[in-house]
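Protein sequence lines correspond, in order, to chains A and B. The first sequence begins at 3 in my numbering and counts up one residue at a time. The second sequence begins at -12 in my numbering and counts up one residue at a time.
Please note: incorrect hints may appear among the correct ones.
In silico lysine-lysine, DSS-like type, Cα no more than 25 Å apart, as pairs [unchecked claim]: (1) B:LYS24 to A:LYS178; (2) A:LYS95 to B:LYS60; (3) A:LYS171 to A:LYS142; (4) B:LYS55 to A:LYS171; (5) A:LYS158 to A:LYS132; (6) A:LYS178 to A:LYS158; (7) A:LYS178 to A:LYS132; (8) B:LYS60 to A:LYS132; (9) B:LYS21 to B:LYS90; (10) B:LYS60 to B:LYS74; (11) A:LYS178 to A:LYS142; (12) B:LYS55 to B:LYS24; (13) B:LYS74 to A:LYS142; (14) A:LYS132 to A:LYS51; (15) B:LYS55 to B:LYS21; (16) B:LYS74 to B:LYS21; (17) A:LYS132 to A:LYS107; (18) A:LYS178 to B:LYS21; (19) A:LYS171 to A:LYS158; (20) A:LYS142 to A:LYS132; (21) A:LYS171 to A:LYS95; (22) B:LYS60 to B:LYS21; (23) B:LYS24 to B:LYS60; (24) A:LYS142 to B:LYS21; (25) B:LYS55 to A:LYS95; (26) A:LYS142 to B:LYS24; (27) A:LYS132 to B:LYS55; (28) A:LYS225 to A:LYS51; (29) A:LYS95 to A:LYS107; (30) B:LYS90 to B:LYS24.
Simulated restraints on C-beta separations [said to hold, decoys possible]: (31) A:GLU106 to B:ASP97: 41 to 51 Å; (32) B:LEU41 to A:GLY195: 20 to 30 Å; (33) B:GLY73 to A:GLY104: 54 to 64 Å.
In short, the hints are calculated from the structure, not lab data. Just so it is clear, CB atoms sit at the ideal spot from N, CA and C, and this is done for glycine as well.
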Amino acid sequence: MSGNGFDMDRRRFLSAAAAAAGITLAPGITLYGIGHADARALDEPASGKVRWGLLIDVNQCTADCDACVSACAEENGLTGHGRPATDAQWIRKVNVRDPKNGVEKSVPVMCQHCAEPPCVDVCPTGASFKRADGIVLVDKHICIGCRYCMMACPYKARSFVHEDLTDQKPYAPRGKGTVESCTFCVHRVDAGGMPACVEACDSEGNGAMTFGDLNDPDSEISKRVAAYATRQIRADLGVDPGVRYQNL
Amino acid sequence: MRALVFILAMMFLPSLAAAQVAGGVPSPSITQGKGDKCVADTDYMRRYHMRELLHQRDETMHEGIRAKRFSLKECVACHATTDDGGKPVPINAPGQFCASCHKYAAVQIDCFQCHATKPEDGKQAQSPSPFPMTAAAEPETSQ
Chain A
3 MSGNGFDMDR RRFLSAAAAA AGITLAPGIT LYGIGHADAR ALDEPASGKV RWGLLIDVNQ
63 CTADCDACVS ACAEENGLTG HGRPATDAQW IRKVNVRDPK NGVEKSVPVM CQHCAEPPCV
123 DVCPTGASFK RADGIVLVDK HICIGCRYCM MACPYKARSF VHEDLTDQKP YAPRGKGTVE
183 SCTFCVHRVD AGGMPACVEA CDSEGNGAMT FGDLNDPDSE ISKRVAAYAT RQIRADLGVD
243 PGVRYQNL
Chain B
-12 MRALVFILAM MFLPSLAAAQ VAGGVPSPSI TQGKGDKCVA DTDYMRRYHM RELLHQRDET
48 MHEGIRAKRF SLKECVACHA TTDDGGKPVP INAPGQFCAS CHKYAAVQID CFQCHATKPE
108 DGKQAQSPSP FPMTAAAEPE TSQ
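Only chain B is shown next, with the shape it has when bound in the complex (with noise of 0.2 Å):
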């Protein structure tokens, strides 16, 4: 019986040390944006952002289409937290909205080799208010 115990908290030990387990399952900790709500559905973001994120890109770029909804420069004013001493986080840094999750799909991102990973100044960075990645899937409606 001892021993099963002693399987059993081997297994569980990693993922609880890397991730919050929410409902059994691990889950990254993601910070909340400063609005009331995303520019869409989390669910959609979830799957979708890349791709309206690539589409903002191109318009903008070759059109100069500045429309805020899926503007890179936007997501990153609103996620971005800052630190005990009131300055900005990268939102790449470890931990923070872009990284966790990224990191937790495996997935590698490359936009802020060029972007800026903090907001513009003067445009002000949320304080951190981490919550469970769940409590955020909750149903919204869109714009």
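Pulled out of the complex, with its shape left as it was, chain A reads as follows (with noise of 0.2 Å):
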């Protein structure tokens, strides 16, 4: 029995520290994969219940570092020519300035992946859709390369490939022709895991990513996006983005 009393005291007290050590540690420090992704069947369909989101605090965020666009390119297989114009990205660092202070901030703009997507709303053949947990995709089998998604996003997410494509990756496929964009690396989400600039932010970055479900209240993510003021860029267009941005 005093064994038993020494086990719960022992949880109390790990159980409140942690507790303090979130909230003590939380504004400077993200955690990660706590509570979320519990990987589901493989024959099991993506839950509507759930909601991906992204959090991004930008004041962790430096201008220098690139460390998630290049963690996107390596895990999609996204090669370029060297043409800046046309070569696919579906991530990006901006960096903003705001003239009248002269502060500056880098921002990670990807697809936004909206509750309200312009890209769906315009798609001619179905292509563009949104899946029951809110990733928004393109079906590249039903693609017919038109680009009014890319022209009716308003955050110029999306990219075209323009050129034949060899050595794609096998959990990403990429064609000529069609239009593509942040995935919210699908193929992680499904098996559990979180994207690929997340888990690169947190290991050569500055921690300023927090990946997780908008819906669950225990999530990491919904517990920020509560206890702090995050925006959504152009929230003012009522798409309801799943990614949301602090200190922005």
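Can you join these two chains into the complex? Each is in its own frame, and there are hints to help.
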């Protein structure tokens, strides 16, 4: 009995310590992968109860770091031809400056995985679609490459593949004549993981990104969204992006 | 008589060069998969693999169902071969699993404009072990 009492005390102490650590460390340190993304069974469809989202703390993000961009290119096999205007770009760093006070920020921008995606509205074939769990994708089997979605996207998030490709990644098929964009690394998410950019930001970058389920009140991202003032880019458009920014 | 033999030889030589002759019928030379048997009967796969791939493709793309049975990625992982240097050979290269049959049947294959033709890194492709297609047509139990 005394052993049980000790265990209980110890457990209480540990959980209290963990809670305290979460509170005190939260402003400076992003915690990852806690309480999110239990891998589904392989034959189980994506759940509509989940809304995948990404929170980026812009104060943690520095202009000289492009870990997320290079990790994305590596993960999805995005090889360029040295032509920045037309090379595929799923995530990019946008440096913004407030002309009034000269404050500069570096902001990673990718597909914002809107709840009301304009790209889906305009797609004439149904290739552009939103999955049940909020991830916006292009079904390249039915994409005809008209690029309406690229014009409709307020975030300039989509790219068109202009040239023949070889050596694609098995989990990220890409081909000439179709539009593509950030998939939230859907192959990783389906396997219970997190996007490559988030992983790279954690390991090589400054730990500015938190990925998780916005619908789960116990997820790290939901707690942070509840605790801090965060914003969506061009929230006035009413497209309700799943990507949110803190300290922007 | 000599002329007749010559004519017959001219008729059969091209087909001999292009494909193996098994039982008098030319057939493509294809490689065996890695496991004991395919995910379905050979006869079924030969006739309906495209339907299963199409069905799986829509489920995976739109619903995130990633069952492995009729996944194109798994087909490639199982049927791709390696060259002498141990490097994987694209499955749509001449003489490889997909290409040999599709060429024989004169059906264009579009999958690999987008999809990877080699197994994922770390998934070891098999060494080439060509055997006549007719040998694979023996009845197998379905799963």
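Going down the list of hints, with the structure as the test:
no. : hint                            : result
1   : B:LYS24 to A:LYS178             : 35 Å, violated
2   : A:LYS95 to B:LYS60              : 32 Å, violated
3   : A:LYS171 to A:LYS142            : 15 Å, holds
4   : B:LYS55 to A:LYS171             : 17 Å, holds
5   : A:LYS158 to A:LYS132            : 17 Å, holds
6   : A:LYS178 to A:LYS158            : 19 Å, holds
7   : A:LYS178 to A:LYS132            : 22 Å, holds
8   : B:LYS60 to A:LYS132             : 23 Å, holds
9   : B:LYS21 to B:LYS90              : 22 Å, holds
10  : B:LYS60 to B:LYS74              : 18 Å, holds
11  : A:LYS178 to A:LYS142            : 10 Å, holds
12  : B:LYS55 to B:LYS24              : 15 Å, holds
13  : B:LYS74 to A:LYS142             : 29 Å, violated
14  : A:LYS132 to A:LYS51             : 14 Å, holds
15  : B:LYS55 to B:LYS21              : 15 Å, holds
16  : B:LYS74 to B:LYS21              : 16 Å, holds
17  : A:LYS132 to A:LYS107            : 30 Å, violated
18  : A:LYS178 to B:LYS21             : 31 Å, violated
19  : A:LYS171 to A:LYS158            : 24 Å, holds
20  : A:LYS142 to A:LYS132            : 14 Å, holds
21  : A:LYS171 to A:LYS95             : 24 Å, holds
22  : B:LYS60 to B:LYS21              : 14 Å, holds
23  : B:LYS24 to B:LYS60              : 17 Å, holds
24  : A:LYS142 to B:LYS21             : 30 Å, violated
25  : B:LYS55 to A:LYS95              : 36 Å, violated
26  : A:LYS142 to B:LYS24             : 31 Å, violated
27  : A:LYS132 to B:LYS55             : 23 Å, holds
28  : A:LYS225 to A:LYS51             : 17 Å, holds
29  : A:LYS95 to A:LYS107             : 10 Å, holds
30  : B:LYS90 to B:LYS24              : 24 Å, holds
31  : A:GLU106 to B:ASP97: 41 to 51 Å : 47 Å, holds
32  : B:LEU41 to A:GLY195: 20 to 30 Å : 28 Å, holds
33  : B:GLY73 to A:GLY104: 54 to 64 Å : 57 Å, holds
Hint check: violations occur at hints 1, 2, 13, 17, 18, 24, 25 and 26; the rest are consistent with the structure.
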